[in-house]
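K.L.:
What follows is the residue order along each chain.
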Amino acid sequence: MEAAGEPGNLAGVRHIILVLSGKGGVGKSTISTELALALRHAGKKVQGKAVHQCDSGWVPVFVDQEQSISLMSVGFLLEKPDEAVVWRGPKKNALIKQFVSDVAWGQLDYLVVDTPPGTSDEHMAVVDTLRPYSPLGALVVTTPQAVSVGDVRRELTFCKKVGLRVIGVVENMSGFVCPHCAECTNVFSRGGGEELARHAGVPFLGSVPLDPELTRSLEEGRDFIQGFPESPAFPALSCIAQKILNEAPVGLS
Amino acid sequence: MEEVPHDCPGVGSAQAGRGASCQGCPNQGLCASGAGAAPDPAIEEIKEKMKTVKHKILVLSGKGGVGKSTFSAHLAHGLAEDENTQVALLDIDICGPSIPKIMGLEGEQVHQSGSGWSPVFLEDNLGVMSVGFLLSSPDDAVIWRGPKKNGMIKQFLRDVDWGEVDYLIVDTPPGTSDEHLSAVQYLAAAHIDGAVIITTPQEVSLQDVRKEISFCHKVKLPIIGVVENMSGFICPKCQKETQIFPPTTGGAEVMCHDLKIPLLGKVPLDPRIGIRFRLKAGYRISLEASRGRCPACPVYRESRRSPPCTRLLSVRVATKDSLFWLKPRIHQPL
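Residue numbers (this note's numbering), protein chains in the order written: chain A, 1 to 253; chain B, 1001 to 1334.
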């Protein structure tokens, strides 16, 4: 039942990062994806959790030929893409435990775990299940406006309560530069992420601006880091990835 | 039930009280006796309570951050512009309650009376309830598993003294899980008019919204229609439009056409929409409800010279026996 019963499965993973936010739609999945791509470009082997079966368990789906990025997600287990997963907490917890214990992870430098918004079943399940493997910590994503910061404050409290170290806060959708006249508009207000990090006493990792090219490349499954080095979002994302690479593992208390 | 074992099979499941993980749970006997499978008495109690509530509308989205709470707040405000209409706004997002902040009611408390909990009244005809009013600090995290969240939702529906209400708007968290199932189950006997589903134009949002639509079909919840939010951005300086969230697969329009669901309207991205209702400085945009026929179309024709809000098409919300239009209105600074 517990992941500790299968000590081999995550033994080959060097660093685990949870991407969290109290708020929905702030860009957790986007940041998880771009972080995975950036880490891969830095020469690391990455698994994004988001299936084939072999002797050692489920085989993650490889994104590239070099097999440097692989994915696992309930999305791969659905028969139809529009199928709704109408599950209560206990069933969701069971699947999360299976993702940890039944997937043949192999040797990985980074496991990036993308989570849904909130502080409920999934979050408790993933923290409990990954606890024996000393996650590097949590990357907490917010957008600048107060209604987002209001929820993310609660997520930071959650991290404290469960003893999960916060690597830092990322402020996403931080301003939009009009492609026609270069005027920067703070579509979702400004400054909230940095202030939140200061208030909570955690590092502020950076602000990522809104970029329709980033949105488009996600929709089309393209490699943004490779395809758009000129984009205003690129330097921010690369900088955040670099800060993660510089992190030394401390683990859960 | 306050604490449940981590692998609780669920009180309604065939394994309730019989599974290996049930050993040691204080409710094991209750579940094993089949009590969990019996209909919850609260459903009848809620049906009684809801007799004074004429219309119930759920605001849903499979996707987070698309503007459910913003839309719910606008809808509630718009309906309450008519002082003869009693409106109630219920926030059942237990982990991330946004409604108190959006409505400018942070710090308000819920009071108990002989007839139950009193909602927080923003106006005489607009009452609000959220778990946010029960938390003592903005940093408090609500780290609850499903059963405890369900209990809260049950209390909101059964124990809040809503009084005579014309419209109950229920704002939900993203997804298709405990909160959504509970809201539908507890209101099952009380008749829900339907759901308004919010999306943004891009496929990653529509993908989740199709699942939400599938959920609605599964639980037999009527769908009033879909609102496409953050639909285009007009630069305040050069007035040129950019699609920040591009509709790579045709946006809500194509999805609604394919699934034969009404598209209620499109709301553009405008930083002014997010401003709290109690803010005195600056413009705020609200959606004003007017009954019956749609206002004259020329007012709502797209104009590149006008402020973005006039690009908002009227949002038409029709339930079984009520029809209203939401149109934009700019409030001048005080």
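Think of the hints as simulated: they come from the structure by calculation, not from any bench.
Just so it is clear, CB atoms sit at the ideal spot from N, CA and C, and this is done for glycine as well.
A few of these clues could be false.
[Said to hold, decoys possible] A short, non-exhaustive set of chain A residues, derived as facing chain B with CB atoms under 8 Å: (1) Gly25; (2) Trp58; (3) Arg88; (4) Gly89; (5) Asp151; (6) Glu155; (7) Pro179; (8) Arg216; (9) Cys239; (10) Lys243; (11) Leu245.
K.L.:
Now tell me if each hint is right for this structure.
P.N.:
Verification of the hints:
1. Gly25: Status holds, d = 1 Å.
2. Trp58: violated (20 Å)
3. Arg88: Interface hint status for A/Arg88: holds (5 Å vs cutoff 8 Å).
4. Gly89: holds (3 Å)
5. Asp151: Where the cut-off is 8 Å and the nearest Cβ of chain B is about 4 Å from A/Asp151, the hint holds.
6. Glu155: At 7 Å from the nearest chain B Cβ, A/Glu155 passes the 8 Å test, so the hint holds.
7. Pro179: holds (6 Å)
8. Arg216: Hint holds; A/Arg216 Cβ to chain B Cβ min 5 Å, cut 8 Å.
9. Cys239: violated (22 Å)
10. Lys243: violated (24 Å)
11. Leu245: The hint is violated - A/Leu245 has no Cβ within 8 Å of chain B, the shortest such distance being about 27 Å.
The earlier numbered hints that this structure contradicts are 2, 9, 10, 11.
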